Amino acid sequence: MERKLITGNQAAALAARDSGVEVVAAYPITPSTPVVEEIARMVESGEMDARLILVESEHSAMAACIGASASGSRVFTATSSHGLAYMHELLHYAANARTPVVMAVANRAIGPGWNIWADLGDTMSQRDTGWIQFYCSSNQEIYDTVVMAYRVAEDRQVLLPAMVCYDGFVLSHTAMPVVTGIGEFLEEYRAPWKVDFDEPETFGNILSSDYYMELRKDVFESHRKAIRIIKKTEEAFESLTGRYSPLLLEKYMLDDAETAIVAIGAIASESKIAVRKLRRDGKKVGLLRIKCFRPFPSTDVVEALESVDTAVVIDRSISPGHEGQLFSEIKSALYSSRNRPEIIGKVAGLGGRDVTFRAIEKAVCGEFRDGWINEVVV
Amino acid sequence: MKISDIPEKEYLLPGNAACHGCASSMCLRTVLKAIGKRTVLVVPASCTSVYQGMFPGSAIDVPVFNTVFAASASTASGIKASLEKKGVDATVVVWAGDGGTYDIGLQALSAAAERNEDILYVCYNNEMYSNTGVQRSGATPYGAWTTTTWSGKKEHRKDVAEMMIAHDIPYVATASAGYLTDLYKKIRKAKNVKGFRYVEILAPCPPGWKYPMDRTVEMGRMAVETGMWILYEYENGEFRLTGLSKAIAEGKRELKDVEEYLLAQGRFAHLSQKDIGAIREYVERRWSNLAKLAGGVHAASAEFYV
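Protein sequence lines correspond, in order, to chains A and B.
Heads up, the first sequence stops at 378 in the numbering used here, and the numbers go up one at a time, no gaps.
Heads up, the second sequence stops at 306 in the numbering used here, and the numbers go up one at a time, no gaps.
Please keep in mind that the hints were generated in silico from the structure rather than gathered at the bench.
Honestly, I wouldn't trust all of these hints.
[Claimed, not checked] Here chain B is said to cover these stretches of chain A; the calculated rule only asks that three of the stretch's residues, wherever they fall, bring their Cβ under 8 Å from a Cβ of chain B: (1) 70–81; (2) 89–96; (3) 202–209; (4) 240–246.
The structure presented is a predicted model; accordingly, all values stated were derived computationally and were not measured.
For each residue, glycine too, the CB sits at the ideal point set by N, CA and C.
So here's chain A without its partners, still in its complex pose (with noise of 0.2 Å):
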């Protein structure tokens, strides 16, 4: 184990390392670029024994991942907005195909106008290809969520891909300390077919109705399954490790609370401080941090709330039409609860905009009468 000094794509970069990866095919996008810069790098001297195949497009990143996968590597791949807009075929293929590629994403706001800041815009818009998306608050949860991805997406009753978020700028290029290494905590990645020449398959030929709503159905099984493995993940990580880093959501202060924040990525980090600013003012308020949003954690989402008056949901993201994704996850894991609070959301922080603790400390005070925190208070 060792302390550093590094951003959040060098925790990236390292955990990929540290993962053993064997391939890993990207593109740079910012503000992702640097993990990728760094694992050519670490690759070219020798400190990364893996094969990187710089390529042309997402598009191809993402094909050549799945193709490395399906013919048994552990692979490796980062990007950022419209490069992840531009994998979104490949993003579909690699959940069906069950090849379990962990991805970081450094999350950024879609274009035009070009504007290179956080937005989780990016990820929430593939929230259905079937990927596990996890959302980090921390540099440190950057490493160690990198590598507990492997550890669930290639669990055989998983066996799905992975993506690791964090918001641009915010995580990706502010450094903090990270103690990384892994220890034993990953075996290598045998994958559940291989390449048989005597007894030799053909994979992803035409399905027809009867078996493809059974591929789909078992993703979708296996998803709930992997709520089990995370939870496994977190808990295994920590014993060997010593740091506990959550995998599947985080419970901040909120066990007697009487309102509770609901936030996610880096914004759940700054929620921290706005909670214990307003416990200092008497005021009893917690945060629940969600950091798997696909599987979705429902049944613990809702023991979380049910305690609570209020929820304050925060997006860092929208869907135009209707409202803040993580607000209608939340809505809809509790609308069969008896005792669901009130349920308010909140959308702030797009495109980079500043979200200081202060302005969640407003917005969670009623100061803020609409649904969008668009002012930056400081």
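Here the structure of chain A is known, so what remains is to put chain B in place on it, guided by the hints.
Here is chain B on its own, set in the frame of chain A:
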């Protein structure tokens, strides 16, 4: 070599779902025989994704990975990297149509060629999107009817094999469904070349070209005899015409007029003499361009047509 020298072992099994008279399946059968058992086939959306059969069956007796339309060259790059990392010896082969090669997959193809990935990319060019029911592609010749060019295509085709020469990859070859032993030999050679290899086969398509299904081989031959399709190899920076195209360039065989080839196909039935003239001019231009590539020996080939 004789056709009887081609191994009997089949990797494209009989009873597959290809149309009668399908050049693609005939050529894939030959290509797989040439490479043998240790082949990994990468297939983008195409007729081949259909005629290999439905899950849980498969007509192809080597490992096959079906991939998305635009990314066969990149998928193959990933597979090759992974197999190399694992120390598995295999020839990774892309088998794609002209839609997946000339149009939607061109970017991935060009990049894989530029990276000189150790893969063999084979394009079976039937000069249209046959799988979706005969629409124009970048490889469709001038004047051809398709379901998106009802009165005939207004533009000449582009040429991806020549683009691959411009990429200066280790091996480029053209072949035709009319000459399977020539195809077999070129694939055998390509198999043993290290780096990116590109082989393009003219693969006539009975329902798309509108000719009787027992004339596929004949169409593949007429295309070469009339200069509409030119057989060549580009190897280690050297370009040379091969087979009948070489004989034509050397004056040993006479070049036939394109009209005979065009009128044998329903897709060209509406052509006027002016249209046929435009195609003649195009063929002439291509001969003269390739003659320049061939250098001194075949420099005179441009003269042949006129």
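Now the hints, each set against the structure:
no.	hint	in the structure
1	70–81	holds (count 5)
2	89–96	holds (count 3)
3	202–209	holds (count 7)
4	240–246	violated (count 0)
In the structure shown, a violation is registered for the earlier hint numbered 4 alone.
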